[in-house]
Amino acid sequence: MSRPTRSSVTPAPAQRSNTRVLVITDDVDRSIALVDSIRAQSLDLQMTGFDGHAMPELPEQAPSAVLCFLTDYVERAPEIVAEVRARYAPRTIPVIARLAREIAADHPFDSVLYAPVHPVQVAHRVAAMIRLGQMEHEIVRRMDTLRDSFGQTVSLRDEDLRKPFNILFVGQADPAYMAVINALQGKNVDVVAAFTSFTAFDYLHDRTFDAVVMNALHDQEPALTITETMRRNPRLYHVPTLFLIDADSFGARSEAFASGARDLIDASSPMEEIAGRIIELANYHRLHSRLKAEFKGIGGADCTDSETGVFNADFLSAHLKRVSRACRERGVPLSILTMKLHPASTERVSADDLRRAYGRAIQMISGLVRMQDIVARVDIDTIIVAFPEEIRASVEVVLERMTGLIECAAFETSGDAGKGSLTLEIEAAIIEQETHESPDMLIGNGIRSVARDGERLAARPPEQRAG
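Add 141 to a position in the sequence shown, counting from 1, and you land on the number used in the numbering used here.
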């Protein structure tokens, strides 16, 4: 085993990424296997060693998450967590563990994975905890903006969090599977069993579940197919799927994670560990769902565009100041995407048809961003999206998806000649916040940029405008 020295902090690559994960490890050889999987999640990575004696060297700038990868010194984990939290207080940073053996149930980690565990699974868990933390930070900021700028007092509802978890079990009812069901029911978890894939999809269509557990002890199907199908359904996309497997015979680990599985649990693991891993993912999904609901309902008529449901210019102007300040203080990027919509051709379209098309397009665009991103309509044809903790390159990827969706869509019209359709184009500008730029400058520069692009578009011949 290769042991790192206390000062072995591996610098991040020259190309900037969205967020940075600090890996504290006492086992370099095994932890190196995580690098590609973590970077595949658009996460940067920095590594520091722990020799079992002196506390690990921590970078001055706070990371987005900390992953403790411990093999020999698992018992020292609580001390490491305490050091991390003290170093970066008052900022709250998710601390995830990949440990070689179990520790006490009252451990200080936000999430724990025990070996053996696939690198992709670790990377997924780290990315999920970062997203949840970002959502929590952003909803608190929005509540502060509503209070200070609009006189609204908002509190988060927690009634749903107190209800028993709903877990769907799919597959044959063999003894090992039934033992897990019994263990969860003993923890006040509501369990529904579906013995065929047809029954499973009936339940998934009619009810809401916090997690789905697949019996893959004897065969990887239908677990893989069900998981892949769920990932293609927007309503089921985020529901975590877990496979109960025989670790000695299950040979489709990479395929399982590629299909969208969130955890592979060895049926020979201690029952307390199995139940805990299921409940942890169920709890994460419920928190995510609750925050998603809070994001959609927050602000009301004073802050939102009545036609599309996105935020209005008043809220953006007030809130972006708070977001900008928070990103500066934490040393993380903030990118602003400004988009102006245009008809793709010069054919005459009524003002009502055009407004409806713009409104529908804005709704479609808002569905392609994260919950913690801020979407605001600042004019009938112009929207601005603020992306906290995202660099320009990442926003360019999102813009490509938005452009592909909108420019391939046909929006219905109802002119004198009867029903027809129109298509739209997007003129866009992306600005990443610089040290000297205020939020008002970011908004103004983006609007001026797309206005200039729109003028150039209008000057092009009709056959070029559509192409």
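Treat the hints as calculated values from the structure; they're not laboratory data. Keep in mind the model is a prediction, meaning the values are calculated, not measured. Hints are supplied without guarantee of correctness; some may be wrong.
[As the list claims (entries may be wrong)] Taking lysine-lysine and the DSS-like style, the derived pairs with C-alpha atoms no more than 27 Å apart in a straight line are:
1. 437 to 462
2. 304 to 328
3. 433 to 462
4. 437 to 304
5. 462 to 304
Verification of the hints:
1. 437 to 462: holds, 21 Å
2. 304 to 328: holds, 12 Å
3. 433 to 462: Measuring from Cα to Cα gives roughly 23 Å; hence the hint holds.
4. 437 to 304: The given pair, whose Cα atoms are some 22 Å apart, holds under the 27 Å limit.
5. 462 to 304: violated, 37 Å
Going down the numbered hints, you'll see the structure goes against just number 5.
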